[in-house]
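**Q** Residue-level listing of the chains:
Number of protein chains: 4
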Amino acid sequence: MNRFEPRDPDYRETLAGYVAAQSYLGLIGASLGAVAPGDVEYRVPFRREIGQQNGFFHGGVIGGIAEAVMGAAASTLAAVGSNVVGAEYKINLLSPALGPLLVARGIVVKPGRTLIVCRADVEVEDEHGARTLCAIAQGAMAVIAPRAG
Amino acid sequence: MNRFEPRDPDYRETLAGYVAAQSYLGLIGASLGAVAPGDVEYRVPFRREIGQQNGFFHGGVIGGIAEAVMGAAASTLAAVGSNVVGAEYKINLLSPALGPLLVARGIVVKPGRTLIVCRADVEVEDEHGARTLCAIAQGAMAVIAPRAG
Amino acid sequence: MNRFEPRDPDYRETLAGYVAAQSYLGLIGASLGAVAPGDVEYRVPFRREIGQQNGFFHGGVIGGIAEAVMGAAASTLAAVGSNVVGAEYKINLLSPALGPLLVARGIVVKPGRTLIVCRADVEVEDEHGARTLCAIAQGAMAVIAPRAG
Amino acid sequence: MNRFEPRDPDYRETLAGYVAAQSYLGLIGASLGAVAPGDVEYRVPFRREIGQQNGFFHGGVIGGIAEAVMGAAASTLAAVGSNVVGAEYKINLLSPALGPLLVARGIVVKPGRTLIVCRADVEVEDEHGARTLCAIAQGAMAVIAPRAG
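Residue numbers (my numbering), protein chains in the order written: chain X, 1 to 149; chain B, 1 to 149; chain Y, 1 to 149; chain A, 1 to 149.
One or more hints might be untrue.
When the alpha-carbon atoms are kept at most 27 Å apart in a straight line, the in silico BS3-like pairs for lysine-lysine are as follows [said to hold, decoys possible]:
#, chain 1, residue 1, chain 2, residue 2
1, A, 110, X, 110
2, Y, 110, X, 110
3, A, 110, B, 110
4, B, 110, Y, 110
Read the hints as simulated data drawn from the structure, not as lab findings.
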């Protein structure tokens with residue numbers, strides 16, 4: 001499945017720093033799950049604050065975590081010292097996201113030098129551990145080169 | 001500019017209830033701005049909690065508010081008693097969203113019976129009130145008919 | 001891989017009729033490849049007429065075949081007598097599509113009753129049969145119910 | 001409306017050459033309409049060959065012309081000698097495109113140095129000249145710098 005070599009040998013530390021620097025992730029309560037080069041998982045437990053009018057995870061949170069996990073996956077393959085920012089993404093919401101845990105997985109499809117194209121799957125897990133795919137996403141992350149100097 | 005007739009004469013009250021029911025909007029600190037049929041504005045003041053690693057508004061918040069404001073615009077044109085949920089959306093992030101206020105405006109382009117297609121513009125406002133377009137979005141909101149009863 | 005049951009036992013005949021009715025497919029020279037429920041392949045040989053300024057397959061053809069193959073995949077899971085039309089799609093172009101054959105594969109991700117969400121991969125094949133992924137797509141196809149009658 | 005200065009003073013000639021080099025445009029019968037910096041129109045008369053199963057313009061043609069007209073609009077603002085290629089786009093199909101003429105208009109929203117973000121509106125014109133919006137699109141075109149030499 002995983003075919004990419006990280007450009008940064010310390011990509012796990014880099015990713016941990018990247019996650020820690022994004023206070024939005026703390027706000028929605030996201031934490032890192034499994035990590036491999038070009039393949040990252042975020043986990044978001046349900047709280048009422050991130051719900052919508054019917055008690056499901058809000059579409060804005062689902063889109064936000066999909067974007068964030070694609071950015072994280074891209075960051076594991078970016079050059080040392082570069083800055084990864086979302087350029088664009090698209091998401092289809094498939095099923096009501098009802099359950100105690102949201103699991104988003106971002107996978108790099110094409111690790112370009114300036115644009116890294118990714119896909120993401122977002123699943124909701126119920127009390128018994130059964131998962132339902134609730135959203136799929138696709139987008140491009142931009143790699144901002146480190147400043148010379 | 002505005003060419004749509006609301007199906008629900010009390011669409012402003014319906015929208016206010018819709019907004020109040022979405023605790024996610026409270027979490028990111030969004031409030032309603034200008035409202036017309038098929039044309040709604042949300043305003044989000046900056047706080048560190050909704051930022052990313054460089055101190056800009058996080059892409060997940062920008063996507064989330066774009067989705068939310070398109071849903072809100074669609075809800076002003078949906079049938080009485082129906083439920084509007086995001087089906088899909090796409091966003092391009094244009095410029096770093098750096099400033100004290102994010103203003104998202106959602107506009108209905110095609111108010112279908114089961115799918116309402118919208119566009120959104122997201123601007124960031126600086127300390128002097130000058131605005132920069134920082135993201136554009138496009139998507140379809142699904143209208144779930146009220147249960148027969 | 002394939003987990004869907006077709007609603008239409010004669011879905012292969014239905015698909016063949018669907019393909020034959022779309023003269024656009026003839027115009028670009030697309031033909032059906034492998035077919036399974038919710039999983040369809042189109043093949044498009046290169047001709048100068050479907051190229052762009054650098055001699056690659058034109059982005060409009062790549063997007064068009066991606067949309068068409070998602071529609072075809074969706075049509076294999078739609079109800080008997082229904083009409084499948086594209087509602088929306090998004091595509092990322094990954095690599096120059098240079099080679100004698102384009103192969104597009106559409107896969108159904110979520111076969112809803114009124115919207116069928118799909119993904120597509122488009123590969124270009126070189127003279128030696130080696131393939132390069134040149135585009136990925138994602139979109140929703142709308143199912144128009146048969147007229148009562 | 002139009003706020004962009006072309007980087008290339010001969011952008012009209014450059015665009016005409018760009019259009020002539022894309023044989024795909026000839027295949028679907030597209031011709032240039034109105035042109036301004038960052039704002040280009042293509043016109044496509046209906047022929048059976050570019051239709052789908054119900055006699056409408058095929059979704060693949062609508063997506064293709066939307067992509068092409070965004071690329072053309074972007075090319076009017078790109079640096080002299082650069083090469084504009086589609087990076088990604090998204091389209092919502094709003095109404096059946098039934099009529100003798102398709103008119104696609106691409107507008108640049110953000111003319112970045114390496115990515116130019118655009119929107120497009122596609123209208124169908126009936127026998128009496130009345131137009132219906134049948135699709136809206138949004139996407140990013142990539143600017144490939146001229147080779148040093």
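**Q** Take the hints in turn and mark each one as holding or not.
**A** The hints, checked one at a time:
Taking the CA atoms of residue 110(A) and residue 110(X), the gap is near 24 Å; set against the 27 Å cutoff, the hint holds. As the CA atoms of residue 110(Y) and residue 110(X) are separated by approximately 24 Å, the hinted pair is consistent with the 27 Å bound. Distance check on the hinted pair: residue 110(A) and residue 110(B) sit about 24 Å apart at the alpha-carbon level, within 27 Å; holds. Of the pairs offered as hints, the one joining residue 110(B) and residue 110(Y) holds, with about 24 Å between alpha carbons and a cut-off of 27 Å not exceeded.
Every hint, counting from the list given before, is met by this structure.
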